[in-house]
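For chain A, the structure is supplied; the task is to place chain B on it using the hints.
2 protein chains.
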Amino acid sequence: MRARDLVDDFPTVSLDSPALEAAQLLAEQDLPGLIVVDESGLPHSVLPGTQVLRLAVPRYCQDDPALARVVDEAHADIFLRSLTGRTVRECLPQEPRELPVTDPDATVLEIAALMARTRSPLVAIVDAGRLRGAITLQALLDRLLAS
Amino acid sequence: MRARDLVDDFPTVSLDSPALEAAQLLAEQDLPGLIVVDESGLPHSVLPGTQVLRLAVPRYCQDDPALARVVDEAHADIFLRSLTGRTVRECLPQEPRELPVTDPDATVLEIAALMARTRSPLVAIVDAGRLRGAITLQALLDRLLAS
Numbered sequence: 001m002r003a004r005d006l007v008d009d010f011p012t013v014s015l016d017s018p019a020l021e022a023a024q025l026l027a028e029q030d031l032p033g034l035i036v037v038d039e040s041g042l043p044h045s046v047l048p049g050t051q052v053l054r055l056a057v058p059r060y061c062q063d064d065p066a067l068a069r070v071v072d073e074a075h076a077d078i079f080l081r082s083l084t085g086r087t088v089r090e091c092l093p094q095e096p097r098e099l100p101v102t103d104p105d106a107t108v109l110e111i112a113a114l115m116a117r118t119r120s121p122l123v124a125i126v127d128a129g130r131l132r133g134a135i136t137l138q139a140l141l142d143r144l145l146a147s
Numbered sequence: 148m149r150a151r152d153l154v155d156d157f158p159t160v161s162l163d164s165p166a167l168e169a170a171q172l173l174a175e176q177d178l179p180g181l182i183v184v185d186e187s188g189l190p191h192s193v194l195p196g197t198q199v200l201r202l203a204v205p206r207y208c209q210d211d212p213a214l215a216r217v218v219d220e221a222h223a224d225i226f227l228r229s230l231t232g233r234t235v236r237e238c239l240p241q242e243p244r245e246l247p248v249t250d251p252d253a254t255v256l257e258i259a260a261l262m263a264r265t266r267s268p269l270v271a272i273v274d275a276g277r278l279r280g281a282i283t284l285q286a287l288l289d290r291l292l293a294s
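Protein chains in written order, with this note's numbering: chain A, 1 to 147; chain B, 148 to 294.
If we strip away everything but chain A, and leave its shape as in the complex, we get (with noise of 0.2 angstroms):
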């Protein structure tokens, strides 16, 4: 079994999508992370969820427990307040990592050791300059030891 075999169609957000446009989709369709092509179509980004929410945290509150619990309960708007107007780039971490992104031929041992050191439940395939889809945490895991 390889990569070809679990891969299956999956939503992508571009560059200059909305960023709460973006929030949405994970939840609405319960995604476990974000796809971001760029303009040629190819994964800019791979967000895991936590990563996703991680744009809507103030930069104040990210490191400091103590600030978090200090902000009002009743302002859980702060999310909307925080995404509205801007976009996915903007919103982006600066520091470059290791893209959860292989190719169809990835052996599902492969797939499993990126996600793992990647820590992202999402592994986008790319073949011949285009991206195919992904495979999710949960498709590997169903194939492999759902009974």
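Hints were generated in silico from the structure; no laboratory data involved. A few of these clues could be false.
[To be verified] According to the in silico footprint, chain B covers these stretches of chain A (three or more CB under 8 angstroms from chain B):
#1 25 to 39
#2 84 to 94
#3 104 to 113
#4 132 to 141
[Claimed, not checked] Computed spacing ranges between beta-carbons, pair by pair:
#5 B:ASP211 x A:ASP142: 45 to 55 angstroms
#6 B:GLU245 x A:ASP9: 27 to 37 angstroms
#7 A:ARG86 x B:ARG228: 40 to 50 angstroms
#8 B:ASP274 x A:ASP63: 19 to 29 angstroms
#9 A:SER40 x B:GLU245: 33 to 43 angstroms
#10 A:ARG143 x B:ASP211: 17 to 27 angstroms
#11 A:PRO104 x B:ASP211: 15 to 25 angstroms
#12 B:GLY188 x A:ASP9: 35 to 45 angstroms
#13 A:VAL70 x B:ARG290: 16 to 26 angstroms
#14 B:PRO165 x A:ARG2: 45 to 55 angstroms
#15 A:PRO18 x B:ASP155: 21 to 31 angstroms
[Stated by the list, open to error] Beyond 12 angstroms from chain A on every Cβ pair, some chain B residues (computed):
#16 VAL184
#17 HIS191
#18 ALA215
#19 GLU237
#20 ASP274
The structure displayed is predicted, hence computed values, not measured ones. Just so it is clear, CB atoms sit at the ideal spot from N, CA and C, and this is done for glycine as well.
Below, chain B without anything else, positioned relative to chain A:
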């Protein structure tokens, strides 16, 4: 809105649970991760799904994509072999990490920041020395963003 308004029941595994059963629980119930409890019933570890996957990937493959590619595709059952006969305790990562655990008073922002910082799509809620349940990334996003 605080953690107490979002917390829900969540299955747990113990340190002495068979690792294979833990992985199957994750797959069959589509969980975003596992809460491993100690003898007192409190969270010992909270493992995102990608790190549960790590339990099943032989160490020699985790950091070397080339080796992972060489492993014959027929051997998808390498996962089963890796896990069979081992307990969760034997498979846990060695390095101590910040636990995604908080209390019922945590604000939405605090939970989101904790998920983002620990890269865990799952936060365990502990109150008065007892595990009360968990909040998943999807539950959090559903409440904040879904229309």
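Verification of the hints:
no.: 1; hint: 25 to 39; verdict: holds (count 5)
no.: 2; hint: 84 to 94; verdict: violated (count 0)
no.: 3; hint: 104 to 113; verdict: holds (count 8)
no.: 4; hint: 132 to 141; verdict: holds (count 4)
no.: 5; hint: B:ASP211 x A:ASP142: 45 to 55 angstroms; verdict: violated (26 angstroms)
no.: 6; hint: B:GLU245 x A:ASP9: 27 to 37 angstroms; verdict: holds (35 angstroms)
no.: 7; hint: A:ARG86 x B:ARG228: 40 to 50 angstroms; verdict: holds (47 angstroms)
no.: 8; hint: B:ASP274 x A:ASP63: 19 to 29 angstroms; verdict: holds (25 angstroms)
no.: 9; hint: A:SER40 x B:GLU245: 33 to 43 angstroms; verdict: holds (38 angstroms)
no.: 10; hint: A:ARG143 x B:ASP211: 17 to 27 angstroms; verdict: holds (23 angstroms)
no.: 11; hint: A:PRO104 x B:ASP211: 15 to 25 angstroms; verdict: holds (20 angstroms)
no.: 12; hint: B:GLY188 x A:ASP9: 35 to 45 angstroms; verdict: holds (42 angstroms)
no.: 13; hint: A:VAL70 x B:ARG290: 16 to 26 angstroms; verdict: holds (21 angstroms)
no.: 14; hint: B:PRO165 x A:ARG2: 45 to 55 angstroms; verdict: violated (29 angstroms)
no.: 15; hint: A:PRO18 x B:ASP155: 21 to 31 angstroms; verdict: holds (30 angstroms)
no.: 16; hint: VAL184; verdict: holds (21 angstroms)
no.: 17; hint: HIS191; verdict: holds (20 angstroms)
no.: 18; hint: ALA215; verdict: violated (4 angstroms)
no.: 19; hint: GLU237; verdict: holds (17 angstroms)
no.: 20; hint: ASP274; verdict: holds (15 angstroms)
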